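Asker: Start from the sequences, fold in the hints, and give me the full structure.
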Amino acid sequence: MERQGNAPQDDIPLVLASEGHHGPVIHASNRIARGMGILPGSRVVDMRAICPELQVEYADQAGDRAALDRLVLWARRWCPWTVRDGDNGMILDTSGSDHLLGGEAAMLIEMETQLSLLGLTSQLAVAPTWGSAWALARFGPVRSICMADEIPHKLGPLPVAGLRLDGDTLLLLQRLGLKTIGALMDVPRLSLTRRFVKAALASNPLMRLDQAFGRLAEPVASVDAKPRFMVQSRLAEPVFDPTPYLPQLCEDLCDALQHASMGCRRLHLTVYRTDGDVSHVDIAMSASTQDPIHLHSLFRDKVERINPGFGFDLITLAAGGVEPMHVVQKRLDGDVEDGLDLSLLVDRLTAKFGTQAVSRPTLRASHVPERAEGRVAALSTPPQPVEAASHNRPIRLLDIPEEVRVLYAVPEGPPAQFVWRKQTHRVTRYAGPERIAPEWWRDRPGTRLRDYFKVEDQTGRRIWLYREGLHDDGRGGDPRWFVHGMFA
Amino acid sequence: MGINVTCMQSLSLQKYKFGQWHQRAPIKHTLSEIFPETVTDAAAIGYILARLPRINAPVLWVQDRVSYRETGRLCLAGIGIQRPIIAVHLSRPADVLWALEDGLRCRTLAAVIGEIWGDPAALNFTATKRLAMRAEAADVPCWLVRHAATPNLSAARNRWRIGSIPSTAHVYDTHAPGESRWSLNLFRSRQAKPGKWTVTYDRTADRLDHITPLRDGAMAARDGTTRQRATG
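Going down the list, the sequences are from chains A and B.
Going letter by letter, the first sequence gives residues 63 to 550 in my numbering.
Going letter by letter, the second sequence gives residues 307 to 538 in my numbering.
Keep in mind that the hints were calculated from the coordinates and are not lab data.
All values reported here derive from a predicted model rather than from experimental measurement.
Virtual Cβ for every residue (Gly too), placed ideally from N, Cα, C.
All clues stand as given, with none of them false.
Not close to chain B: a few residues of chain A, all C-beta gaps over 12 Å, as computed:
(1) A79
(2) L135
(3) W140
(4) L180
(5) L182
(6) P221
(7) L238
(8) A245
(9) F258
(10) S265
(11) V293
(12) T305
(13) V343
(14) P370
(15) R497
(16) G538
Coverage of chain B stretches by chain A, computed from C-beta distances (three or more under 8 Å per stretch; other residues unrestricted):
(17) 372-380
(18) 405-413
Answerer: The following block contains the structure:
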């Protein structure tokens with residue numbers, strides 16, 4: 063089945079292109095372009111030479127796939143088991159449901175009619191196995207119907223491309239002179255086994271043949287449609303404030319979620335204004351929940367952001383990020399579950415102060431102290447544990463190192479005295495230097511190295527300061543000194 | 307991260323006579339205020355980290371904007387990553403109090419720590435009373451670090467003034483600062499008798515040790531300030 067959408071004109075050669083290794087290649091073409099010999103896989107520039115008036119659009123493959131996924135669910139009108147097959151196919155397990163539509167031939171006509179009403183062209187076939195249906199739909203006669211005992215007879219004259227094999231294997235079979243499935247069937251089974259003993263399924267003609275003939279099982283694993291949870295409140299006359307309706311909406315939504323044993327991670331509150339506009343507020347939770355009081359509390363400061371215009375008469379509350387959630391009682395005394403309690407706290411803090419304010423510091427692999435720390439979402443686990451660089455690090459770090467005036471005895475040596483924040487600190491003890499070179503793969507050229515000293519002043523304050531650069535290192539004037547942190 | 311409770315035991319010994327100490331009620335976690343002696347002194351933070359309970363629960367750490375700018379943030383490489391920290395950076399002190407109070411509703415946290423700069427109007431007796439009662443109800447320790455603040459009226463059960471003092475000599479390097487030493491001054495407390503202590507913090511063992519003050523005043527005064535070596 064090929065997606066045509068609403069193509070502009072059938073008499074204009076139109077192709078969809080996708081990016082290939084050496085420029086765009088053709089992904090799909092319309093009927094007139096195919097008639098001119100423009101086939102998928104060839105390069106766009108070559109085909110422009112054949113046909114100068116060729117129209118090229120870029121293909122939206124992810125969008126096509128998503129559309130096909132929706133179509134798979136739409137096709138449940140004919141039978142309960144449907145699944146997407148590759149990028150351009152659909153498999154329907156119609157066993158036991160064809161008689162409801164008046165037999166298989168009538169069912170195929172009904173399907174073709176309905177799909178053409180959607181603007182889709184389709185190639186349909188009924189066969190006992192997935193493989194034979196695939197081959198017949200693509201290479202067989204129009205709306206072919208194949209009974210269980212007719213498979214060898216019907217598949218025999220079809221080309222070997224009907225066996226869902228990859229390009230290399232097809233080329234190999236062509237070189238061996240095996241052009242049709244019938245020719246391949248005539249080859250002794252033992253020879254085929256010996257030749258393709260280690261091949262994977264997609265490049266193994268024998269296994270593909272077995273699948274097509276039903277000797278190898280290939281069941282239809284049908285996907286389930288995701289349920290949609292949405293509640294709404296229709297108002298008799300336009301209002302400006304949704305707050306009084308929120309508790310009931312949250313409760314209704316959570317009832318529906320609890321009934322389905324589901325929890326949600328996001329909430330979308332939408333108001334439909336009388337002037338035809340829509341305004342919405344979205345909130346997100348750190349763990350899936352179905353607790354109406356908690357959901358309602360997250361809206362507390364957000365509702366003011368809704369722009370009511372001249373009032374609105376419809377409020378909807380939709381749940382996003384729906385996932386299964388089973389309520390279990392973990393403790394006999396009925397106390398709240400540990401992790402849940404914490405996630406509720408993070409939700410409250412995030413809802414009030416924003417996602418930027420709440421975070422979890424994690425270590426990163428870097429020698430430069432300010433880069434050795436990153437921030438992740440509060441309840442996420444860090445991607446990979448990084449060992450702390452050394453134990454000689456302060457417990458407080460200033461975000462922006464503060465420049466200090468320093469007296470020193472020898473140029474490369476420790477400071478003797480420094481003035482920081484208008485206070486004179488006399489150095490009584492020091493440890494260092496610890497030299498940290500710039501990370502050349504990240505820093506700009508000309509970044510100076512740092513020599514870190516842990517110093518203690520006369521009152522006992524332990525301070526981490528560094529000298530940026532060396533004398534005569536050719537990267538600026540005299541080195542400058544900065545305070546970067548405090549030890550306990 | 308943890309602490310031995312030498313300090314609190316000695317306090318309780320002062321309060322109760324021998325033979326009766328086992329009858330005392332267990333000390334519940336409550337609100338404590340810490341006034342660092344200077345702004346650029348991280349001893350108060352070190353003391354809080356040393357007093358965190360030895361459980362692997364997360365810590366909620368809330369800072370207002372000025373204290374973040376003036377005293378920096380927590381450096382993870384320096385404190386180790388034994389437990390997750392939920393860091394919250396807010397602009398107004400009133401928001402910090404709100405976040406602390408909200409955090410104290412959650413019993414699974416190991417501690418709730420707030421840092422507030424100066425004496426904002428929001429941090430009055432009522433606010434500290436609310437924090438103290440919440441902390442006692444949830445049995446979660448709550449520490450309020452008050453940078454550059456005056457110890458005015460407050461309902462905090464324990465009020466400390468903490469500063470660094472010159473460290474002990476390093477074992478292998480006479481020039482280098484050794485183990486940290488802090489002066490602790492518990493100037494108001496409802497649970498124990500106020501007093502002053504000098505402690506060293508042993509980082510590798512994660513332990514606080516008392517130091518008996520040296521009787522020889524000359525020796526004590528020389529400690530750490532001179533770089534003379536014994537000759538001959």
